[in-house]
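Read off the chains here:
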Amino acid sequence: MYPHERSLVKRLADQPFALLGINSDKDRDALKQTLKDENITWRSFWNGGSTRGPISTAWNVRAWPTIYVIDHKGVIRYKNVRGVRMDAAVDALLAEMKAEKSDSGQ
Amino acid sequence: MLRHATVFLLALLITPAITALAQDKDASPEVQYQQLVNQFRTAQMELSKAYRAAKTPAEQLALRKKMSTIGVDYTPQFMALAKAHLNDPVAVDALSWIVTGASRFGGKEADEALQLLADHHIKNEKLAVICERLRNSSLRGAIGFLETVLEKSPHHDAQGHACYSLAYKLKRSAGNTPANLAKAETLFDRLATDFADVKTRTSTLGTVATSELFEIRNLSIGKPAPEILGHDIDGVEFKLSDYRGQVVVLDFWGHW
Numbered sequence: 001m002y003p004h005e006r007s008l009v010k011r012l013a014d015q016p017f018a019l020l021g022i023n024s025d026k027d028r029d030a031l032k033q034t035l036k037d038e039n040i041t042w043r044s045f046w047n048g049g050s051t052r053g054p055i056s057t058a059w060n061v062r063a064w065p066t067i068y069v070i071d072h073k074g075v076i077r078y079k080n081v082r083g084v085r086m087d088a089a090v091d092a093l094l095a096e097m098k099a100e101k102s103d104s105g106q
Numbered sequence: 107m108l109r110h111a112t113v114f115l116l117a118l119l120i121t122p123a124i125t126a127l128a129q130d131k132d133a134s135p136e137v138q139y140q141q142l143v144n145q146f147r148t149a150q151m152e153l154s155k156a157y158r159a160a161k162t163p164a165e166q167l168a169l170r171k172k173m174s175t176i177g178v179d180y181t182p183q184f185m186a187l188a189k190a191h192l193n194d195p196v197a198v199d200a201l202s203w204i205v206t207g208a209s210r211f212g213g214k215e216a217d218e219a220l221q222l223l224a225d226h227h228i229k230n231e232k233l234a235v236i237c238e239r240l241r242n243s244s245l246r247g248a249i250g251f252l253e254t255v256l257e258k259s260p261h262h263d264a265q266g267h268a269c270y271s272l273a274y275k276l277k278r279s280a281g282n283t284p285a286n287l288a289k290a291e292t293l294f295d296r297l298a299t300d301f302a303d304v305k306t307r308t309s310t311l312g313t314v315a316t317s318e319l320f321e322i323r324n325l326s327i328g329k330p331a332p333e334i335l336g337h338d339i340d341g342v343e344f345k346l347s348d349y350r351g352q353v354v355v356l357d358f359w360g361h362w
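In the order they appear, the protein sequences are chains A and B.
Oh and the first sequence: position 75 is 75 in the working numbering, straight run, nothing missing.
Oh and the second sequence: position 58 is 164 in the working numbering, straight run, nothing missing.
Worth flagging that the hints you see were computed from the coordinates, not collected in a lab.
All figures in this text were calculated on a predicted structure; none of them were measured in a lab.
Honestly, I wouldn't trust all of these hints.
To be verified - With a Cα cut of at most 25 Å, we get these calculated SDA-like pairs of lysine to any residue:
no., chain 1, residue 1, chain 2, residue 2
1, A, Lys73, B, Thr206
2, A, Lys79, B, His337
3, A, Lys26, B, Glu333
4, B, Lys329, A, Arg77
5, B, Lys329, A, Ala63
What the hints assert, rightly or not - Computed, partial: chain B to chain A, Cβ under 8 Å:
no., residue
6, Ile176
7, Val178
8, Tyr180
9, Pro182
10, Ala186
11, Ser317
12, Ser326
13, Ile327
14, Gly328
15, Lys329
16, Pro332
17, Ile334
18, Gly336
19, His337
20, Ile339
21, Leu356
Glycine is no exception: its CB is placed at the ideal position from the N, C-alpha and C atoms.
Chain B on its own, in the form it takes in the complex (with noise of 0.2 Å):
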């Protein structure tokens, strides 16, 4: 079992070393795409085999350093390849790898990518998947991208996502933009009517949806606060009105 083991970890490692010394400009686009991944994912290999073989806590550091960014040094060969095939569809994959790489290790080409993504291949249903990643993303340029494809796409799928994702960060920011909860009311109002059906990891954007609204509706800062009814730890049963009349922290925790 453990040879077996060693002889993959082997063959992992040398076969990319192998493709990226054959490299060249002649290779079609896709060929090209699969080696800088390929070299991409042996630099990452080769940095947590030193990690792991490294002797001082200051090297250790400085290896955790470097994995953390080393899709930096990648990014701008994969806008390269875009750039040079920007209407081939690996063009899609190039520009995804940088979009989604930047939330692990920022890069200053997601905006760029998103933009050149927008602009070239908005018909393409991979766009789905990078909408349903942008709903955590930092991305200045992430909200401008969502309403081109909630409003350009072809595909149901990557307009629901981009409504969730869209609806979902408006929410977010209305702590600091109290206007924002309403217009993310309207989307997830939309997601409910219109991408009910679209599909999620665990469930489908209809139920989030209506989960979301219940929240906006029902949870938001000024409304009562819903009734709960339940037991305590040793079986009582209590509800939260029996508080009535105090002023209450309600903390959702578990011991993790």
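Chain A extracted, bound-state conformation (with noise of 0.2 Å):
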């Protein structure tokens, strides 16, 4: 997971993109060795030191990793997709995300 997310936000970095973490570990100080360890230089919301915090039981997930990816309205347009499927799915909003700002004048 850390290397494909690494590069996706890497590849991005000067684009109006952002993966956000929910995270579920136990133990802060661990997670903030991890988060140096594996260079994860991307925000993560903290979900109470268990899987069963607040935000994960919201969003009803049950499975770990579970992915949303969401467009730049704020819609919900992908579920659960990795790896090349996760690429495409980013690309494919971005590339919307422009043409509608091309087709406005702006």
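Put the two chains together into one complex; each comes in its own frame, and the hints tell you how they fit.
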């Protein structure tokens, strides 16, 4: 997971794109070390130290990892895409966003 | 302590061997069933003993393969017992063994076992457990079986678990068959209305239904993502909508 996510974040560093985690680890200090060791630069919500934390519960997450891809208007567009399918989903939404902007003359 | 453990293990190994030798067709169906289960367990234990003693990776691999398929050798015997006493309650145990084992070691008899359970034992309350276990099963006959239990079982728990597993399977298949999502929603609605009191290992079907309905209604493709308000790892407050105007990948993850 991490190598793919690192390369996605790096490739799209200058694009209107963000990878956001919702992390369900138990130990916050251990997690901070993991972020350092694995060079994880993207931001994560803290899920209260449990897989049954408030955010994963509200989103009915029962499997890890669970992925949602959200467009620039805040609409859910893809679920559980990984690897090249995640790349393709993000690229399609970025292209769609650019096409809309040029249509409206911005 | 260690000596006790050894004696216990020996007892486990020896007892089934004796009962296996003593098996005969005149024994009651219940005893025959128990003998089969014991034989299977003995075979499993002997394999795992051999596995622990194995010297080469190739030997280990062969034994591991054998361990994962050992149940297939026993399935025909459980099926024969069930068919010989089709209307006896022991048939339910023998057929359940085949169905629940199928998730571990496969077995072509499992769909037939489901059909026999539906045809001959639809009123048995043990079907609740089978329905629960079928939730993650890929058996072809699972959906038909669950529909039959939901419609015809006189037991509230069995109907509830059938309803949940059916809804769950339909929701899971909605990626390939989008029309199934609406069917799943209808069933989760029914779960919330009719079976909310039925217990699962960790909660109730009512609680499950509420979460599933929320997901279908608010977290499906095309729906606006619900707001997330929280703190990052350093304790700084932020929210999902801070990222409006950007494409966002939300990743529920953990380092484990």
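Hints, verified against the model:
1. Between the alpha carbons of A:Lys73 and B:Thr206 the distance comes to roughly 46 Å, so the proposed pair goes past 25 Å and is violated.
2. For the given pair, A:Lys79 sits about 23 Å from B:His337 by alpha-carbon distance, which is consistent with the 25 Å threshold.
3. Only pairs whose Cα atoms come within 25 Å are accepted, and A:Lys26 paired with B:Glu333 is accepted, the gap being roughly 23 Å.
4. This hinted pair checks out: B:Lys329 and A:Arg77 have alpha carbons roughly 8 Å apart, not beyond 25 Å.
5. With a C-alpha separation of about 21 Å, the suggested pair B:Lys329 and A:Ala63 falls inside the 25 Å cut-off, and the hint holds.
6. Taking 8 Å as the C-beta contact cut-off toward chain A, the hint placing B:Ile176 at the interface is violated, the least distance being around 29 Å.
7. With its C-beta approaching chain A no nearer than about 29 Å, B:Val178 sits outside the 8 Å limit, and its interface hint is violated.
8. For B:Tyr180, the interface hint is violated, the least distance from its beta-carbon to any beta-carbon of chain A being 32 Å, above 8 Å.
9. This hint is violated: B:Pro182 has a C-beta 35 Å from the nearest C-beta of chain A, more than the 8 Å allowed.
10. Here the hint on B:Ala186 is broken, as its CB sits about 39 Å from the closest CB of chain A, past 8 Å.
11. With its C-beta approaching chain A no nearer than about 4 Å, B:Ser317 sits inside the 8 Å limit, and its interface hint holds.
12. The interface hint given for B:Ser326 holds, since its Cβ lies 7 Å from the closest Cβ of chain A, which is under the 8 Å cut-off.
13. A hinted interface residue such as B:Ile327 counts as satisfied when its beta carbon comes closer than 8 Å to some beta carbon of chain A; here the least separation is about 6 Å, so the hint holds.
14. Below 8 Å, beta-carbon pairs count as interface contacts, and B:Gly328 has one with chain A at about 7 Å; its hint therefore holds.
15. At about 5 Å, the closest approach between the beta carbon of B:Lys329 and any beta carbon in chain A falls short of 8 Å, and the interface hint on this residue holds.
16. The closest approach between the C-beta of B:Pro332 and any C-beta of chain A is roughly 7 Å, which is under the 8 Å cut-off, so the hint is satisfied.
17. Restraint check, B:Ile334 versus chain A: the minimum CB separation of about 6 Å is within 8 Å; hint holds.
18. Of the supplied interface hints, the one on B:Gly336 holds, with its beta-carbon coming within about 4 Å of a beta-carbon of chain A, less than 8 Å.
19. Given the 8 Å rule on beta carbons, the hint for B:His337 holds: about 5 Å separates it from the nearest Cβ of chain A.
20. Hint status for B:Ile339 relative to chain A: holds, with the closest Cβ pair at about 6 Å, below 8 Å.
21. Interface hint at B:Leu356: satisfied, since its Cβ lies 4 Å from the closest Cβ of chain A, which is below the 8 Å cut-off.
In summary, the structure is inconsistent with hints 1, 6, 7, 8, 9, 10 from the numbered list given earlier, while agreeing with the others.
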